[in-house]
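Read off the chains here:
There are 2 protein chains.
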Amino acid sequence: MSDAAKPRLLRALAGETLDRPPVWFMRQAGRSLPEYRELRTKAPDFIAFCHNPQMAAEATLQPMRRFPLDAAIVFADILLLPKALGQKVWFEAGEGPRLGELPALSVMEAEIEASTGRLSEIGETLTRVRAELEPERALIGFAGAPWTVATYMIEGRGSDRSGARTYAYQNPEALDHLLDILVESTARYLVMQAKAGAQALKLFESWAEGLAEDVFERIVIRPHIAIIEKVRAAGVDTPFIGFPRGAGALVDNYAAAVPVQAVALDTQASAVQGQRIQASGKAIQGALDNLLLRAGGSAMDARIDALIEQWGKGPYIFNLGHGVLPDTPIEHIERAVRRVTGT
Amino acid sequence: MSDAAKPRLLRALAGETLDRPPVWFMRQAGRSLPEYRELRTKAPDFIAFCHNPQMAAEATLQPMRRFPLDAAIVFADILLLPKALGQKVWFEAGEGPRLGELPALSVMEAEIEASTGRLSEIGETLTRVRAELEPERALIGFAGAPWTVATYMIEGRGSDRSGARTYAYQNPEALDHLLDILVESTARYLVMQAKAGAQALKLFESWAEGLAEDVFERIVIRPHIAIIEKVRAAGVDTPFIGFPRGAGALVDNYAAAVPVQAVALDTQASAVQGQRIQASGKAIQGALDNLLLRAGGSAMDARIDALIEQWGKGPYIFNLGHGVLPDTPIEHIERAVRRVTGT
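The listed protein sequences derive, respectively, from chains A and B. Sequence positions in the first sequence follow the working numbering and run 1 to 343. Sequence positions in the second sequence follow the working numbering and run 1 to 343.
Source of the hints: derived by calculation from the structure; they are not laboratory data. Some hints here could point you the wrong way.
Said to hold, decoys possible - Under 10 angstroms between C-beta atoms, here's a sample of chain A residues computed to sit facing chain B:
1) 170
2) 288
3) 295
Just so we're clear, the structure is a prediction, and the values are computed from it rather than from any experiment. C-beta: ideal position from N, C-alpha, C; glycine also.
All chains, please: the whole structure from these sequences, using the hints.
Written out as structure tokens, the structure is:
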């Protein structure tokens with residue numbers, strides 16, 4: 001495809017510096033949109049909703065109709081994978097995810113091959129969305145990264161992760177085994193997503209914060225490398241975005257070691273840290289504060305301009321540092337996207 | 001005083017590289033010690049306990065009797081200052097601090113001068129401890145840094161700080177005014193502590209995480225610089241340790257801008273980040289994972305050795321990345337301190 005027709009997001013992921021950065025927002029689909037809240041009334045069970053390709057495709061496309069965004073991200077959840085591996089997962093309204101007891105590792109290991117098939121609806125969602133989306137807008141697939149998914153699997157819910165970090169110290173072999181199971185099943189899941197229409201793949205390491213450097217190397221960097229190598233070994237060359245959220249100075253270690261095409265930065269990334277990563281040949285993504293998006297106004301405009309000024313001279317994808325908050329006014333999202341796209 | 005007699009902690013703060021680093025632990029006094037839990041039964045109200053020089057001195061000294069630590073830190077709390085400024089502060093058993101409504105800024109401003117006098121017992125505690133402590137062991141005074149204290153004052157309790165961060169975006173002038181009040185009262189409080197016997201002063205910015213770079217410059221870096229300048233203007237040359245916990249890559253900005261003698265690093269600091277700060281002429285402190293201290297064993301020993309190997313070639317103070325957890329076995333603390341001191 002000619003460069004002009006190639007989606008802006010994919011050009012940035014290929015290392016191009018563009019006249020203006022592509023823009024999309026984490027959680028651009030979901031509770032901040034009234035049409036999403038309306039749609040969910042038809043399928044109140046969140047997991048069933050994610051496994052319904054018609055509904056999930058509609059949720060994926062809703063923000064694309066409202067805003068001039070450069071990319072859609074498939075509507076799904078990082079906890080669909082542990083469910084596909086045999087752990088019980090459900091959502092308590094207003095409280096977030098709950099998981100049943102961690103199955104025996106040998107039992108889950110035997111389910112790896114079958115798990116990808118149990119996630120086939122997510123592939124269907126991608127295929128539907130790709131068929132409807134304009135060619136200049138890219139479609140992103142994703143998975144939770146192994147450590148982050150493991151924290152939920154071990155603790156049974158969202159938490160401060162200290163239980164999972166303690167488990168990492170006290171049961172290193174068991175944790176490594178669990179991470180290996182997640183590496184293999186995640187790689188297969190992402191290969192399936194790429195074949196179904198995902199043009200970029202994002203690994204969400206939402207809980208990379210607070211880890212000592214040696215632990216970070218072992219439970220974040222090593223599994224990310226292993227996933228990407230497995231995806232490449234399957235013949236899939238789809239670009240990767242890695243998001244080691246909260247990793248602070250260790251984001252530098254991550255960027256140096258993991259063969260992603262872009263490193264997604266969180267809110268507290270420094271200008272020079274992002275520039276260092278760009279200078280090393282990778283694209284970066286980020287990192288408007290989601291609280292500032294919610295607050296809106298001229299302070300938001302000024303920060304958007306500052307981010308583009310500091311990072312727009314290299315390959316750069318505009319995004320938030322964290323997901324859109326449910327109570328973010330739609331006009332602020334609209335205003336931010338238009339500020340970046342100049343429309 | 002001759003170099004040999006000078007406390008090891010102060011030698012490291014003066015930029016010396018020592019044969020082995022001085023060691024102390026955040027929250028070395030407190031609930032991990034049975035003698036502390038026993039002492040508290042005599043004064044169950046936590047704030048009254050902090051304001052009782054005899055009891056607070058005893059709590060400060062308890063870990064010094066048990067372990068060959070190189071420094072004591074005065075037993076107190078960062079929320080004594082807002083109380084001295086007129087905000088209601090109390091502790092709910094098992095739930096942590098609670099604060100009443102934020103007083104009008106003009107009212108608190110008028111209380112700055114009186115606030116230092118209301119904290120005189122903390123000075124008495126320092127004087128008592130200094131009189132009892134061996135000369136080769138240093139005594140540290142401390143205060144909460146303005147932004148961290150402000151988050152409690154605004155939100156009324158410990159939290160994820162998103163309310164305070166939103167306040168920072170929506171009421172920038174009011175926040176700056178509140179920070180100015182805290183800068184002035186904190187500087188006076190620390191001058192008083194130095195005159196009462198503190199040989200080093202630590203600024204705890206416990207909630208530096210998740211801040212965008214421009215916000216971090218405004219609400220963390222600027223107030224820290226202002227406090228130190230005010231303390232120096234009062235003729236006090238006591239060394240400062242700054243602890244921007246959770247600031248990630250922005251710790252580099254902090255180290256470059258704030259005239260502290262040492263930067264305390266949290267658990268996720270990278271080896272090269274610490275070395276960069278040492279190369280710039282400052283000491284560093286940190287950063288054993290408190291969960292690993294609780295877990296203990298040979299993995300803890302190996303990590304202690306690795307930290308000393310990576311940072312001991314420059315001015316370095318051994319510590320945790322966060323405070324000792326209440327359920328940490330005493331034998332693990334003992335083992336860690338002996339590992340560092342070689343005793």
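Against which earlier hints does the structure fall short, listed by number upward?
As far as the earlier hints go, not one is violated by this structure.
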